[in-house]
Amino acid sequence: MDKKSDIIEKRKKKLLDLKRNKINPYPNDFVVLHTVRDIKKTVEDAPDSLTEDSPVFVVAGRMMAINRFGKASFIRFRDRTGQLQAYLRKDKIGEKSYNMFKQLDIGDFVGLNGGMFKTRTGEWTLLVKEFKLVCKSARPLPEKFHGLKDPEKRYRRRYIDLAMNSDVRDIFMKRSRIVQVIRTFLLDRDFLEVETPMMQPVPGGAEATPFVTHHNALGMDLFLRIAPELYLKRLVIGGFERVFEINRSFRNEGVSTRHNPEFTMLEFYQAYARYEDLMDLTEEMFCHVAREVTGSTSIQYQGNTIDFGTKWRRISLASAMEEFGGIDAGLMNHREGLLEFAASNKIKVTKTGRLGKIITKIFDVLVEPKLLQPTFITGYPIEVSPLSRRSDTEPELADRFELFIAGHEIANGFSELNDPVDQKERFLQQVEDREAGDKEAHYMDEDYIEALEYGMPPTAGEGIGIDRLAMLFTDSVSIREVILFPHMKPVERANG
RNA sequence: GGGCCGUUAGCUCAACUAGGCAGAGCACCUGACUCUUAAUCAGUAGGUUAUAGGUUCGAUUCCUAUACGGCCCA
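Take the first sequence: its position 295, counting from 1, is numbered 407 in the working numbering, and each next residue is one higher.
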């Protein structure tokens, strides 16, 4: 048997009392005419025009604090645009109305109308002529000073986190802004925004374990996409020479400060471009985002200044391994030597894995964390790049780059492999790896091969992790801080 | 998957080292107060200490397991 908390019981009793007194605790007829932002702007622009009686503002919001005196009260309330103080006096709103106000709680929504005046301490305040309860809150908000801190409660009940913590609101407004700026940036360059299937018969475009689901009517399993790549390239084949998609992909992996099972990616494809062009475009895009979102091309992340404004470093994987990992470039083609090096550095690698996998694994551990300023790494081995175009000059390498910032992989781009015969061979090699036990290896996608056979113009494409970008621009250590509702295990509810 | 840490009132935290009546602030409730802004003053009330076991005369405290979470590693 649940014993509900005293404080919630009392709130629910107040609700019943309201109903008994024929006051609707959930009306929907209050017409809002102004926002807090509107009011503050008027105060700023024309303070001399304001009197207690005019102009009359009509505004609504959630009460975040109440200071009651005997026959007057100050409240602080907030709408989507900001917070404002209001002053309610018994002699202004009438005894009946004031007694009704006394029954309200922090957390309730009120509709207010009145004029602006300046208090003795100089704060512009709404002098309320009329107020109306707009929504009763049946549960108390957290403490006003400390707010809600427990990360588990913050993630599980993000609405309270948002209601209480302005820095959390700022993070998600910033995230939204980042996406909007990127969208506009691409639209301005004649890219077409599209939506491609999230449920796919063959999951492709990345090395990852997919989620499986089942379509009853079709009697078939489908996979939640691990990337939109192969569909976006089909669109390039169809003549949409510049396309992009910003949406969710899903990977059936563990959760951590950097991984959420569903995450947001931008992927874009540009025909007649090469991967070098996309590096230029990426620099331009990030500078633009930084300027639009923060007002500067350099940002602070975990105590480090990250500068997008200067030319980004471009360095080959082999050189980076030598410079940051201390691995002799001559070792790059020597499997046994690399395995020995990995072992002596306590890096666990799959001994049977392909050479490229061993190299990238060592890179992840020794080099990636050291790449603080934006850095493009190029020259990836072909066997870890099964969808990339083969380099004309070094056929063992792909025309590919990855972008690292603040020790995180942020983007991955390459000139697309548009030779269907080569692509088929690459898939076959992946299938071989899969059969050898590599669960993340690509699946054979015959339908995609067929599409390539119709001809895809030379194209370069890139994926950018939006969550990680949002982490960078909001100085967040954990991906959960930039995802509104991060995945959590369900918990038995003790109290309904 | 492994290691470490955490879970006490609606919220933020004490009490645990060395077992002995579970406490504070805010919020709530009652009263006073017409310029407060972490309002103030007086008084009241609020707990199955995450869950299940064990040790003990006695467990929030020690032990075991489980659940959920955080950080680090894989």
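Hint data in this document are derived by calculation from the structure and do not stem from the laboratory.
We put the CB at the ideal spot given by N, CA and C, even for glycine.
Warning: the hint list may mix true and false statements.
As the list claims (entries may be wrong) - Computed Cβ-Cβ distance ranges for the label pairs, DEER-style:
(1) Arg268 with Lys124: 15 to 25 Å
(2) Leu127 with His371: 36 to 46 Å
(3) Asp160 with Lys601: 56 to 66 Å
(4) Glu558 with Asn416: 41 to 51 Å
(5) Asn364 with Arg268: 21 to 31 Å
(6) Lys286 with Glu558: 36 to 46 Å
(7) Arg192 with Pro570: 40 to 50 Å
Stated by the list, open to error - Straight-line alpha carbon distances no greater than 27 Å define the calculated DSS-like cross-link-like pairs of lysine-lysine that follow:
(8) Lys124 with Lys230
(9) Lys230 with Lys125
(10) Lys183 with Lys204
(11) Lys131 with Lys208
(12) Lys244 with Lys261
(13) Lys124 with Lys183
Hints versus structure:
1. Arg268 with Lys124: 15 to 25 Å: holds (22 Å)
2. Leu127 with His371: 36 to 46 Å: holds (42 Å)
3. Asp160 with Lys601: 56 to 66 Å: Given range 56 to 66 Å: holds, Cβ gap about 58 Å.
4. Glu558 with Asn416: 41 to 51 Å: holds (47 Å)
5. Asn364 with Arg268: 21 to 31 Å: holds (22 Å)
6. Lys286 with Glu558: 36 to 46 Å: Taking Cβ atoms as reference, Lys286 and Glu558 lie about 43 Å apart, which means the hint holds.
7. Arg192 with Pro570: 40 to 50 Å: At 47 Å between Cβs, range holds.
8. Lys124 with Lys230: Not satisfied, since the Cα-Cα distance of roughly 36 Å exceeds 27 Å.
9. Lys230 with Lys125: violated (37 Å)
10. Lys183 with Lys204: holds (10 Å)
11. Lys131 with Lys208: holds (16 Å)
12. Lys244 with Lys261: violated (32 Å)
13. Lys124 with Lys183: holds (26 Å)
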